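Please construct the entire structure, taking both the sequences and the accompanying hints into account.
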Amino acid sequence: MRAVWRRVALAILFSLALGFGLAHATGMAAQNTPTMIRRDGVNLTLPQERRAEAIGNHLRCLVCQNETVENSQAGLAKQFRGIIRRRVVRGESNQHIIAFMVHRYGIFVLLKPPLIPLTMLLWGSPILALLIGLGVLVLARRRREKPVASLDPAEQARLKELLQ
Amino acid sequence: MDRSLLSRRLLLAAPLGLAVAGGVGAYALIERAKRGTYNPQDFNNPLVGHRVPHFALSGLPGQQGFDRDALVAMRRPVLVNFFASWCVPCVQESPFLDRLAKAGLDIWGVAYQDKPEATALYLAEHGNPYRRLAMDPTGRTAINWGLYGVPESFLIAPGGLVRWHVASPLFPDVIETQLEPALRKIT
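Sequences listed follow chains A and B, in order. Under this note's numbering, the residue at position 11 of the first sequence is numbered 11, and the numbers go up by one with no gaps. Under this note's numbering, the residue at position 87 of the second sequence is numbered 87, and the numbers go up by one with no gaps.
I should point out that these hints are in silico values taken from the structure, not numbers from a laboratory. Fair warning: there could be bad hints in the mix.
Calculated from the model, a selection of chain A residues having no Cβ within reach of chain B, i.e. all distances over 10 Å [unchecked claim]: (1) Glu-92; (2) Gly-106; (3) Glu-155.
Below, a list of computed lysine-lysine pairs in the DSS-like style, where the Cα atoms sit at most 30 Å apart [as the list claims (entries may be wrong)]: (4) B:Lys-34 <-> A:Lys-78; (5) B:Lys-102 <-> B:Lys-115; (6) B:Lys-115 <-> A:Lys-78; (7) B:Lys-185 <-> B:Lys-102; (8) A:Lys-112 <-> B:Lys-34; (9) A:Lys-160 <-> A:Lys-146; (10) A:Lys-78 <-> A:Lys-112.
Bear in mind the structure is a predicted one, so any value in this text is a computation, not a measurement. Glycine residues also receive a C-beta, built at the ideal position from the N, C-alpha and C atoms.
Shown next as structure tokens:
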């Protein structure tokens, strides 16, 4: 008799635990379901949106030229944002997406120009300016350090006359 | 004494001179932009010198669309012109497109982000120079071609090679100084 009761009690406990566990698990699952947002015609999760924004902040809006793709109100920038988001959702890497844009629009689409032979002068200009400045400084100093020519006898006589 | 004073003045004047040179340069660019000899938005489209990318666009109702294969199969050069009914410079270039079409050039149009009925109305009003007329309502093919606005034109050589591109209306000076020499090189 007692064994039967024990079995029943165990079964009840077990099913309760199972039920609780299941409920907990589904609760967790509900918590883990990412909230989807819609930006520029694409549904994506918050981390995906963050990634898309990071990419868009590296790209130039070609219509307004000094705005990023993320900030611009231009139609083309909006389209770019849609393309970036669609590719982010597809799981493409940031580099891959940026390369897609550069392939079609050239390096002008990048707000930060890459270091390539074509941009050597651009990236080297601060160093160049520094070198020119240093050169001017050295020249000026050298000139200043030149010994002053001593007075000739006539000048010495005149100086003596003035001092008296 | 005199010389060092002079060189000091020169040193002080150098930044001023640089600023003046910058100002003169900027002014020259603005003047050239006004005259139309300098377009700040013009940049080299990387597609020039390459074959057209893969695409397939359906035609406007009652018109023949086209795809990459149709362009590649052509034995004559084709001018692909992106336009839209909502685009003011497109209206300005339309008489010159008509003239080119009448002179025998194959012009294929792509209606960029436009509604078919709006495009039809536009063509009824301003003339239809297009042998073929495709629609790109999403603008995705346009972006694949590196387009940044309308109107833009691409000259495609037989075989599908992009030989020339312009991101401005096809005004007579552009046609004379750029398009015609590019055409002569192909034919």
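Q.
Of all the hints numbered above, which does this structure not satisfy? Sort the numbers upward.
A. Number 2 only.
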